[in-house]
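Taking the hints into account, I'd like the entire structure generated from these sequences.
Which chain is which? The protein sequence lines are A and B, in order.
For the first sequence, position 24 (counting from the first letter as 1) is numbered 24 according to our numbering, and the numbering increases by one without interruption.
Just so we're on the same page, our numbering is the position in the second sequence counted from 1, plus 114.
The hints are simulated quantities; they were obtained by calculation from the structure and are not laboratory data.
Glycine is no exception: its CB is placed at the ideal position from the N, C-alpha and C atoms.
Treat the hints with care, as some may be off.
25 Å max Cα-Cα, derived DSS-like pairs, lysine-lysine [what the hints assert, rightly or not]:
hint, chain 1, residue 1, chain 2, residue 2
1, A, K41, B, K217
2, B, K152, B, K217
3, B, K130, B, K184
4, A, K14, A, K66
5, A, K64, A, K14
6, B, K117, A, K41
7, B, K217, A, K20
8, A, K41, B, K184
9, A, K64, B, K152
10, A, K66, A, K41
11, A, K66, B, K152
12, A, K14, A, K55
13, B, K152, A, K55
14, B, K130, B, K152
Just the calculated beta-carbon pair ranges, DEER-fashion [what the hints assert, rightly or not]:
hint, chain 1, residue 1, chain 2, residue 2, range
15, A, T82, B, R164, 30 to 36 Å
16, A, E22, B, A195, 36 to 42 Å
17, A, Q29, B, I174, 49 to 55 Å
18, B, R164, A, G61, 36 to 42 Å
19, B, F161, A, P8, 20 to 26 Å
20, A, T82, B, A115, 39 to 45 Å
21, A, F39, B, T119, 46 to 52 Å
22, A, K20, B, I125, 36 to 42 Å
23, A, H85, B, S185, 44 to 50 Å
What the simulated footprint calls covered on chain B by chain A, stretch by stretch (three residues with Cβ under 8 Å from a Cβ of chain A suffice, anywhere in the stretch; the number is not a length) [unchecked claim]:
hint, stretch
24, 158-166
25, 216-224
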Amino acid sequence: GAVVSQHPSWVICKSGTSVKIECRSLDFQATTMFWYRQFPKQSLMLMATSNEGSKATYEQGVEKDKFLINHASLTLSTLTVTSAHPEDSSFYICSAWALYNEQFFGPGTRLTVL
Amino acid sequence: AQKVTQAQTEISVVEKEDVTLDCVYETRDTTYYLFWYKQPPSGELVFLIRRNSFDEQNEISGRYSWNFQKSTSSFNFTITASQVVDSAVYFCALSEKNFGNEKLTFGTGTRLTIIP
Chain A
1 GAVVSQHPSW VICKSGTSVK IECRSLDFQA TTMFWYRQFP KQSLMLMATS
51 NEGSKATYEQ GVEKDKFLIN HASLTLSTLT VTSAHPEDSS FYICSAWALY
101 NEQFFGPGTR LTVL
Chain B
115 AQKVTQAQTE ISVVEKEDVT LDCVYETRDT TYYLFWYKQP PSGELVFLIR
165 RNSFDEQNEI SGRYSWNFQK STSSFNFTIT ASQVVDSAVY FCALSEKNFG
215 NEKLTFGTGT RLTIIP
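Below you can see the structure in the form of structure tokens.
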């Protein structure tokens, strides 16, 4: 199956700093990438849908100014958590959607904000 | 709105027992896809199955089997002869066509523990 990578796999940062997470489709072109957030022992919640070359579509309740998404190419989307606070600590998972209607998930990035 | 319900929060069974994980969904779409994913402690989602709404045939893959019943809006997952490696959180998900993309709605997950 297709491979999606995320970098970093984990990150610890101080409150108030910004953190960038990369999501790459390694062997296919992804016109759409999705960003999910998962709090401990909870389900995955979709944060936003990212389409290459256009603005991301955010789900209700997700602050677009806080979670900046850039999908500059067909293989890369980035999520930047700006001015991170402890409540932003979570497991962030991206997925990439290929034209043949399959969605492949990355391994996730664990963010801890101190 | 789409909704996926996994009523079983946690299940524990002794190794080699069979176990069924329930999934009930709600959607107004006539065309949709249902999924099951496994999430081991590492956190990475492992794809198990994708089923479209027009295919109600049951599926078997090794020790795994799935029962899709549109009449009851259910897509249940059975593991036969369970093994310790099956211990994980299992998510059922439903896709919504969003301009051709598959936007997934996940259930709350069932934490399965296989006791050796």
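Please list, smallest to largest, the hint numbers that this structure does not respect.
The structure breaks hints 3, 8, 9, 11, 12, 13, 17, 18, 20, 21; every other hint is satisfied.
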